[in-house]
Each structure stands twice: as structure tokens, then as C-alpha cells.
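Q: My request is simple: use the sequences and hints to build the entire structure.
Sequence lines, in order, name chains A and B. Read the first sequence against our numbering and you will find it ends at 672, with the numbers running on by one and no gaps. Read the second sequence against our numbering and you will find it ends at 264, with the numbers running on by one and no gaps.
If you are wondering where the hints come from, they were derived from the structure by calculation, not from laboratory data. It is possible that some hints are incorrect.
[What the hints assert, rightly or not] With a straight-line Cα cutoff of 20 Å, these simulated EDC-like cross-link-like pairs (lysine to aspartate or glutamate) come out:
(1) A:K431 / B:E158
(2) A:K382 / A:D348
(3) A:K431 / B:E167
Given next are the chains, with one letter for each unit.
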Amino acid sequence: MIYIRDKVGWGHKVDEREPEIVKFLREEERFGKLQSILQSDCKELEILDKPLENVSDDMANAIKSDTGKKTEYSELDGLEEKYKTIFENSAVAITLTDKNERIILWNKYTENLLGMNKDDLYMKPVELLYTPEEWRRIRSENVRQKGMQHHLETKMIRKNNEIIDVDISLSVLKNHKGRVIGSVGIVRDITQRKMMELELQRVHEKLEQRVKDRTAEILKSNELLKQEINEHEKAEWSLKIKDSAIASSINAIVFVDPTGAVTYVNPSFLNMWGYDSEEEILGKPAAKFWHRKEIYIEVARATFNKGGWVGELVAEKRDGTLFDAQLSANVVMDEEDVPICMMASFIDITARKKAVEKLRKSQMRIERQNVQLKKLDKLKSNFLNITSHELRTPMCSMKGYVQMLLKKTLGDITEEQKRGLMVILRNVDRLDNLIQDVLDISRLESGTMKFITEITDIQKMIGEVSETMRTSADLKHVRINKEIEGNLPDLVIDQERIKQVLINVVDNAIKFSPDGTVIIIRAKKEGKNVLFEVQDFGRGIPKDKQKKIFETFYQVDYNMDRTFGGAGLGLAVSRGIVIAHGGSIWVKSKLGKGSTFGFTLPVKLVKDVENRFKEVDVFMVEANSGEKENNSRMVKYIDNDKVEAENE
Amino acid sequence: MNKIMIVDDEQDLREMINLMITKEGYETEMAQDGIDFLEKNDNFQPDIVTLDVMMPGLTTKDILEELKDKNNKPKIILLTVVRFSDEEKEKLFKMGNVVDYITKPFDFDELMTTIKDNSIG
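A: Next comes the structure, spelled out in C-alpha cells:
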């Protein structure tokens, strides 16, 4: 009887009469087998010479019963040897595990495959051979419970931590009672295959990538081709447009090759030079179409040398007639900067030249006319001065003698003589005023009136006017009131002429004022102007006559106004003077209520005098260029002015 | 008493002015144009001259130029029908002894005042 003690401390007895088992135990030390028989958790067995106290009889019996069966093995020994040989020499790794999944048996190939030896394998949990993930997967397959053969591909870890791909065929081992006692795994190294597969896949992927790349390349080049076609079409279209633009250009266009031969002409060229078809021209020397060939050749040479030329040339038509052409030439180069041809465009400038010539002539004519006009102006001015002198000199003698007589310088006179002399003096004055007005109108209309400007204090000027008019106002018992705004600016005006305007207007007002009434002279600033007003409370002017009173020799009612004298020139002269000063004049009137004459004068600084009197010049030029008949010019100005009326 | 010379081509006017002035007590002489005036100037030696600006023959400018070389240089009062611009006045006043001007037709009082204003003593 021999005894076996397992690690847990249980003892087991084995009958020595069963020599095969003992031999098996001693020699082969295939404890695994025993272990599987004992179904013990022990990792190591020890053979003892004496029994342990805590021997389980049942267990011993069980061994006995099992070993009883093992006697059958011996009969199969020869066969086992063969299996063993096959097992050991198998080209696959074969491992056996016990029911606790510990490695108990393996063959040589297993060691080769895993690079491990007995120490690495014996009784080691089989899970150590797998990567943790793979182990979990294997477990999840639950091979044991399924109790069947199972195939799977997984990864194992070699001793050097290298991971290898394997194909495992797992089979569950059961004892005679059908209880699982372990499992056998047949492992084939498929790393090579996997690598091949991987390589294959890689090649495949590479191939696919290549196909993809190639497809993309084709698509791309297709797209490029399309674009190219598109651009080509566009370029062709643009070329067509350019072609048609050249062909339809109003400018004559010609292409000349470096030998001087014409290679292209457009229809305008044919038209301009009087040819019917381009066949008559193409290939011909370009010099043929110019009047002076040597100049053209010079121009062509300059164009090719400098790349361009702009200027005028005299062209020669098919029928020999000549015309002036403006030429703009350029050289067209190829990619290597070698001139291909000269392109030139032309305009027929004959008409323009004629027009310029005509303009020049007409300018000269105008200048001549201007000189003549100036002479004429001078003549007119002289004539008027002489007329003035001639007309007024007799007045001067008459007035002087009458004044001397009245002053009794030449002796005593009677009252009747005195009355007669006073009538003469009054009428001499009236005649003198009339002469003065007629001459003024002539000067205004001929533009020869002279304006002498000075800085003028309005308040002072109106005071003087009012003083001058006092005598005639007193005669009619008419009072002159002044309403002058404070701080009025000084004006740069011909003071004498503006006084003349005011006197005219006030004189009119006095004439038309009933006895004992009032005349108001107003002056105030209004925007950029100073506004002057003279208001009377006389009979007023009908609306339809209000414009006409500013016309020469017009009076509202000829018969009526004979009573008051005057030829009606004063207002026309006044209007001319005001307009020449850049102002305007008008009347507002209500029949039976009276009239208000108003005029404006622009407020301008002294330094603006010249500009102001440019307006006078304008007036003068207008007056010069207008017709001489009657008073049409004055009427023209009057129409442009404002006329306000408050007629019922 | 100042001596006055009246220069005017219009006989009536010349005589009228002459009458006006002599009645006021002045010694006078008359000339019918520029040359006449320049000739009489040396003998008569006037203090004041009323000079018409528009006469045949010598112009006012000519007369004033000529007067520069004369020993006797009277004060000149111009008689005119045209108004002078400041520029023209300046020119005339620069040229000789022009002291004033009167526009025709003038009043008796206006002429006499101007002469009195320019009289010496």
C-alpha cells in the first residue's frame, strides 16, 4: 500500500497490488492523470510511504475503483505509445487542461509555438496563454457548458510577449460518469496565414486605393479637360467678338506683315479707301495706300522699332484723291518677342480738320468783328458825348443869361419880365433834363454808359435826395418821410446814378401825390440786397400798365400826364441803371390807394466791385448785340423782372 | 483882384460866362481855343482859367502839357458835359494846375462859388 498526499493535506492510499498504477505513478509521474481521477484541487502530489491520518476511505475506494479501470490502460499501452508519438510529433500544439483550466499536458510543438518550457506551462492557468480580451471572448463562448467541439480563432501570448494568431479546436474531456474533467485544445499557428491575410488585405486596400486614386485622377483630368474646353470655347467666342469688332469698327484697320505686305483689312478700310473687295488689297505693299510713300515707310520703320506710332498721314484713295487720316499703329509680337505684324487703325479726319479750320476762321471773323464793334462802341460813345456837348452848350448860355437877368445883374426888370424869365428858366431846365434822359437811354442801350463807383452811405444818400426834392415837395405841400433801417451796410455803387434813380422815383411820387399827403422813402436790408421803396398815396397804376411804365416813352395816360410834364423816360433810365448795378426794379400799386416803387441793390464788399461791374459789362454786351429798333432791349430786361400788383 | 481867362469855342457861352464874371468885378480875357489861350496866357497872365474840355484843335490834354513849359501857370477849372471817373480826374489833376470842374449846364451861383474858392487873396 502506498500513500499519496495532496497539497491540501488529504492523504490517499493506493494498493500496491495494483502495480500498473503504482508504476504509472512512480515512473511516469503523470500526476495530472491521478489528479483528474482524484478530482482534487491540489496542485502537487506527493507519494508517501505511510498513510496519513486524515485519509478518506471513500476517496481511496474511488481511486481503487478508478485504478481498477486503469488496468485496462495497460492493455492499450502499445496503442498509447503510438498516440504518444503522434501527440509528441504532431505539427500542431496540443494542450490538455484539467477541470480547473490548468495546463496539465502539452506536446513539444506547444513549447515551440509559445517559446515556453515545463516551468512556464505546468499547472499554470491556461488563461495566461491568452490576451485578457481574448480570454474573455473564449469564456463567453462557454465552450465547456456547450460540451462540444469548438473552433475559434484567437490570439495567444508567447513567452517573449509576442502575440500570435492561432486557430484553436477545443474539445471538452469528460470522465466515465460524464463529468467534465478538462479540455483539450489543438492549436495551429495561423500568424503566417494572418499575416498573409493582412498582407492580402493590405494589397487589396492598396489596390482599391489605387483604383480610387486613379478614378479620382481620371475625374479630375476629366474636369480639367472640361474646363479647358470651356476656356477654349470662351476664348474662341471672345476671339469671334474681337473679330467682329475689328470687322465692324468704324475705324479702318489694317494688318501688315514685317515685309510690308497687307495681310488683313476690315470693311471700313475698303470703304475709306474706296475699294470693293479685300482681294484688291491683300498682299499689296502697304505704302501703296499713302500719298507720300517715303513718309509712310519711315512711319512703318519707326513703328516696328519702337513698338507703336501715333500721328497724322495723308492717305491716297484708289481713285487718287487724298484725305487726312489719323493713324495709331502697334506691333504684334509672338511669344519670343519677334514681330509678327503691324496693326494700324485710322480715322478719316478730313471733316474734323475742315471743322477746325472753319472754327479758326470763324474765331478770326469774330475777333475782327469784335475789333469793329469796339471801334463802333468808341464811335457811338464819342458821338453821344459830342451830341451831349452840342445839345447842352446852348442850354448853358440860355440858362446863364436868364439867371443873370433874374438876378438883375444886367439891370432892373419888371414883374412881368421876371415871370416870363422864370417860365423860360423852368423850361430850359426841363429841356435839359429831357436831353439828359435821352442821352442816358442812348448810352444804356448802346452800352456806353459810364459808371463811376464809390463806397456810399445809404442814410446820407437818401438824406441828400430828400433835401434835393424838398422844394418841389413843398410846392405841393407833400411831406417826405424816411424809414431807414439802422446799421445798413455801405454800398459800392455809382452814387450819382442811384441818386438819379431815387430822384426819378420820388419826383414821380410827388407828381402823383394829392396835395397835403405823405411820401415814404424806405431802405432796409433783405438777404443779400438792400431794398429801397418809395410809397405814395396817389391814384395808383392799373395792373396792365405796371410793366409798361418802365418802357421808354411810355406814360400811363398820355393825356392825363401831360398835365404833369415829362416824357416818361425817367423810369426807363432808372431801370437800366438798377439792372446795371445787378438789382431789379418793380412797382406795386392799387388803383386809388397809391403806388410803391421798389428796387434792390446787392450788398457786396468793396473788393467785389470788379465782379459787380462784370454784370454791367454783360448788360452792355447784351445791349450791343441786340437790335437797335425802338426799345426792345429794355423791354427784354423788364420782362425778366418781377412785377407785383395788388389790383382788385 | 484875380484875373480870369475864359476859354470856350462857343462864342455865346464864352461871352455869357465873361459877362457873369466881369459883373462880379473880375478882370477877364477870352480865348476861342487852346492855341488862342496859350498865346494870350503870356500877355494876360491869368490867375484862373475856365477851360472847356471839348474844343476843336488842341485837346485838354495837349493844352495842359503845353502849359507845363509856360512861366505863368494859372489854376484851371474845367467845364464839361461828361462826368469824370476818379481815374480820369486823377490823370487830369496830375497833369497841370487843374483845381476843379463844373458840369454844364451850371448855375450862376455854382460857377461864381468855384471861382471865389480858388481866388488868391
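Q: Evaluate each hint against the coordinates.
A: Here's how the hints hold up against the structure:
1. For the hint linking K431 of chain A to E158 of chain B, the alpha-carbon distance of about 17 Å falls within 20 Å, and the restraint holds.
2. Between K382 of chain A and D348 of chain A the CA atoms are separated by roughly 16 Å; this keeps the pair inside 20 Å, and the hint holds.
3. As the CA atoms of K431 of chain A and E167 of chain B are separated by approximately 12 Å, the hinted pair is consistent with the 20 Å bound.
No hint from the list above goes unmet by this structure.
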